[in-house]
Amino acid sequence: MIGWLIRRGLQAVLTFAAAIVILFFLMRVTPGDPLMRMTEDRQISVAEMARLKHRFGLDQPLALQFITFTSAAIRGDLGVSIYRYPDRVLDLIVARLPASLLLGGTVLLLNFTIGVWLGVLQAARRGQFIDRWLTRLSLSGYAMPSFWLALVLVYFLSTRWRLLPSAQMTDPLLDPSAPFAVRTFDLLRHLLMPAFTLAIVTIAATMQYQRTAMLEVLRLDFVLAARARGLTESQVRWRHAWRNALFPVLTLFGLWLPILVSGSVFVERIFNWPGLGSLAWEAINGRDYPLLLGTSMIVTLLVILGGVCTDLGYWLLDPRVRRP
Amino acid sequence: MRGSLKRVFATAWHTPSGQVGAVTLLLIALVAVTITPFLPDPRIMPDLSGGAAPPSFAHPFGTDAFSRDILSRVVHGARVSLSIAALAVALSISLGAAVGTTAGYFGGWVDAVLMRSVDAAMAIPRLFILLLLVLVWERIPPAALVAVIGATGWFATSRLVRGEVLRLRELDYIRAAKALGAGSPGIIFRHVLPNTLGPLIVAATLGVGEVILLEAGLSFLGLGIAPPTPTWGGMVHDSESLMATAPWTGLFPGAAIVITVLAVNLWGEAMRAAVDPRTA
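Heads up: the sequence lines are chains P and F, in that order.
Residue 1 is where the first sequence starts when you use our numbering, and the numbers rise one by one after that.
Residue 1 is where the second sequence starts when you use our numbering, and the numbers rise one by one after that.
Careful: at least some of the hints might be erroneous.
Said to hold, decoys possible - Reference listing, derived: stretches of chain F covered by chain P, where coverage requires no fewer than 3 residues with Cβ under 8 Å from a Cβ of chain P:
hint: 1; stretch: 107-116
hint: 2; stretch: 132-140
hint: 3; stretch: 158-167
hint: 4; stretch: 261-271
What the hints assert, rightly or not - Now the stretches of chain P that chain F is said to cover, found in silico as 3 or more residues with beta-carbon under 8 Å:
hint: 5; stretch: 90-97
hint: 6; stretch: 138-145
hint: 7; stretch: 179-190
hint: 8; stretch: 284-297
Claimed, not checked - Take a look, some chain F residues computed to stay more than 12 Å from chain P by CB distance:
hint: 9; residue: Phe9
hint: 10; residue: Ala10
hint: 11; residue: Thr11
hint: 12; residue: Ser83
hint: 13; residue: Leu87
hint: 14; residue: Asp119
hint: 15; residue: Asp172
hint: 16; residue: Gly186
Everything labelled a hint here was simulated from the structure, so no lab data went into it.
Every residue gets a Cβ at the ideal spot worked out from N, C-alpha and C, and that includes glycine.
Using the sequences and the accompanying hints, generate a full structural model.
Shown next as structure tokens:
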């Protein structure tokens, strides 16, 4: 166990290090340096430019700049935001993390509970009306741009029918000293639309994976034996078959994180959800390179950690993996 | 090899979803080609003060804030979105095939370095790589957009091709070719690559759907091709502030994205089932 964890952890650290190298050089292969982008429309003398370059260490060789950048990053210093000068990038990111985790966690919960349930249902009714239409519906969701679905949902649920709030995380008019239950209900109402938008565009893969895995298990002899013992169909399905058809769906977890994070850039921007996605959007809008680089690094870290968690879950649940 | 590709197409065509996907795609292409000359120029603004008008006989999809015909813009947008997607996917599939074959065929440290780099690149969400690259331009030129999307889409393909090459490398006919004195380039181009064509075509088709969505997303963020050239994502972007009063400005371009991507994915999935029947 310990040995496996160390090996997997080391691999994750190496992947992250390589990703940082890629991100850093992505910023620098593009024409111009960060200062030129910051100062493009302003009149700045050559001497002033040289002084600024020296001030930010941009007159150093690229390799040295990289070492300075990474050693600062290891100490948790991701630099200073341009758009929100003089706020530190890391502070901005940490402030936005809870909202993102709340939204992302809710989406994963919706995706897995509904997706697993529908996938099992599809496998049980293979080839029938409901199976075919669920596949078609989920594929349509998969083909939808999340931003368009969000706008359409806002149009109907907020503008036309006035059922749900269309922006922010809480009602600004709500008294902050209101009872806890009232505030939680308010938060849930705001969470509903962004969470469902992201769940609808991502649920197809979960359903498809669960359906395929379930079909493979339902063919096996022990399912036949369970049926022969006179167990009810739902006991056979959930207690016996589904337990063995869960693992393939777990691998999806690692796959989801990048999609979730990218989707949240659009959805958080539309719903004004104060998470990492809208922070990335603010960075784009303000041409704020340090902030965008910092956000990308944190997002990459989350993806890699998600991969480690998936493998760990696999390792704990499925003894077959443990054999070297 | 051409024979077996034909078989893949035929098998995919004979599934209901494959047929729906293929027919829809052909219809989209047909419409884009035949009715384009009869539509008004999508970039001309006939009446700046007119505002958005709802769907009518003269403008079946209505008009946008500058009184431009939305049907015309959606149809012209199809050309822009589809050509960008096709070119970008062609680029990323070629890159993926090149890297994957190199890694798989030569093995050793070449393989290790290439594949570890691909692992790392795949950990960064593609949208963020694109954002970092695209931000350099005030408005990105179409050729650069194709290059940037193509250059960020080959990671998974290279893994796929590498796996196929590793599998093929050990087969007897490759060994026979080696024993007969064929050089590496000959073996790769004559014997290995043609046999990876099936999985590659599936990856390319599904990649087109992904790129249409990505390009629309970038345009929606205001980072795609510059207006007044119509793009689907750009039209949804323009409609955002109008959705409450003129929802048709956003509904139709978005629906065009959904229908096109769905058709591409249906056809791609049908082909995947034909290439690898186990996953059906």
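Hints breached by this structure: Numbers 1, 3, 5, 7, 14, in rising order.
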